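2 protein chains.
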Amino acid sequence: MLAATGHGLEAYGGSVAYRGVGPIAGAAAGAVAVLVRSVGGADFRLPHTGETEYATGVMKIPAAAVTAEDAELLKALTSEGPVTMRLILTPQRLPDAESYNVIADWKGTEHPEQVVVVSGHLDSWDLGTGAIDDGAGVVVSMQALQLLKELGIHPRRTVRMIAWMSEEEGSEGARAYMKEHGAEMGNHVGAIESDLGADHPTGIYFAGKPGLGQWLRPLAEVLGANGAGQLVATPETGEDIGGMTRQGVPSFAPVQDSRFYFNYHHTAADTFDKVDRKHLNENAAIMAVLAYALADSTEPAGR
Amino acid sequence: MLAATGHGLEAYGGSVAYRGVGPIAGAAAGAVAVLVRSVGGADFRLPHTGETEYATGVMKIPAAAVTAEDAELLKALTSEGPVTMRLILTPQRLPDAESYNVIADWKGTEHPEQVVVVSGHLDSWDLGTGAIDDGAGVVVSMQALQLLKELGIHPRRTVRMIAWMSEEEGSEGARAYMKEHGAEMGNHVGAIESDLGADHPTGIYFAGKPGLGQWLRPLAEVLGANGAGQLVATPETGEDIGGMTRQGVPSFAPVQDSRFYFNYHHTAADTFDKVDRKHLNENAAIMAVLAYALADSTEPAGR
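Protein chains in written order, with the numbering used here: chain A, 9 to 311; chain Z, 9 to 311.
Just chain A, with the same shape it has in the complex (with noise of 0.2 angstroms):
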């Protein structure tokens, strides 16, 4: 998930640090458990779910998801006395087990050793199916690098396509990267996240030195031809990017419409049917504008 400015984007931003620092804030107050009400814009009796945090030193409590509908019955039944609740909590932590990146790469004709990413998640939270959360983004990932090779365009720089995994419990297929190919930074001369759900685009989000965005104008006027002109500066472009982001590699991510996003991601409504398309066509188009851009400028994005 992205922590960057949008309609959606914003209220989740302003919201979810209830249900992630929630368990360590209850903890401290005395509580024996927290119960967090749904982060998300839905009113369908639809719990909503996502990473909870436990800090060292500070006891760890049970937490859970209720619903919008619930927490509203929860405040007006305890605005008249106290509550007795009995929670029977089901959810259990494994043990860490093996998985995997998928990586793909379509090697670059002048630079194989310069690259450029193109990226979404390949696990998802568990109540849906992860259709637009991240499905969708890892779809946009490889239509882009497709289309640029159904157009007949090889650019200069290797195009990387990454399904990363295991960014729901934080990023952890993106750390491993990052160890792998920390020394390789240099070399990496754009990273692309699409991992906003699968709506209508309008720009491209974009995290760098100052002169990015002037980088990005040209390319702003081609999209904007088609309504995907929006510019919009970021500290944060993607979860799995991030740690590139923090080396000085150039990062970016489709500018969605979150207005619904919300409704549907880390619930049991993330579904296929929830996909768009045109609109999926419409990200992945952005997708292959930018990698071919930052993939074949004689003069690379600044960094």
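Hints in this document: simulated from the structure, not taken from any laboratory.
Note that this is a predicted model, so its numbers are computed, not measured.
None of the hints are false.
Because identical chains share one entry, a pair is satisfied inside a single copy or across any pair of copies.
Quick list of in silico lysine to aspartate or glutamate cross-link-like pairs, EDC-like style, CA-CA up to 20 angstroms:
1. K187 with E247
2. K286 with D51
3. K217 with E244
4. K217 with E307
5. K115 with E192
6. K187 with E176
7. K83 with D281
8. K83 with D284
9. K68 with E177
Put chain Z on the given structure of chain A with help from the hints.
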């Protein structure tokens, strides 16, 4: 539930038959069980349930609701080959138990024996709390009577508030009422039921003799000034007042915006937060105006 025209109503009316007679049609075709796709409009992985029917002489096979998303998944899987499912269904049919309609009379000043019914139903389908189906209808009926009292308008005829019991199982409460009061139908000058949620109303559904629309015309003019002047003839105004309608009693219901009703009704998401106080008051105003006209006009509505 109404079986009349309208936005969501039309869609529901056209598809609910698959749920209702699904078990009969399935058994007749040799099925061992039926799974019925949610008839509602929500795409939030929400099972939408309701009455399913069995017929004499046709085997009673298990029937269950599946969400729209899971129905799509089953469709995709079955298109690839045979699918085996193991169903664990827990519902059971318990013996009937005693329960009651709740009835309050405000006696008329001149013709206390003549009755105008204002009503909603007290029971609800079991997944949610029944706030919009039909807690709202009960509250609107109580409020209509209350409004007349507050305004100091004491009509010539009796206004009878009825909270019907057991509408969802087949209008058992209404059936009991007709058994007890069937002989008094000549003195029932009109019956209103609100059972289409708690959304913005735009007028009045009516069922009766051809002249009834004409009789309503002055009322529609008054309500029209507030945007609720629509008059819609329909064969059925409400399940619980259907018996009265068939006995020739002019019957009515507020015309409500039904675009969203079927996203929530008969699901776990039919909860109090779905009720908008302003819309609730609008419905109460329509019912109060209509009840007053029926209970106080020198010339009663034609029958």
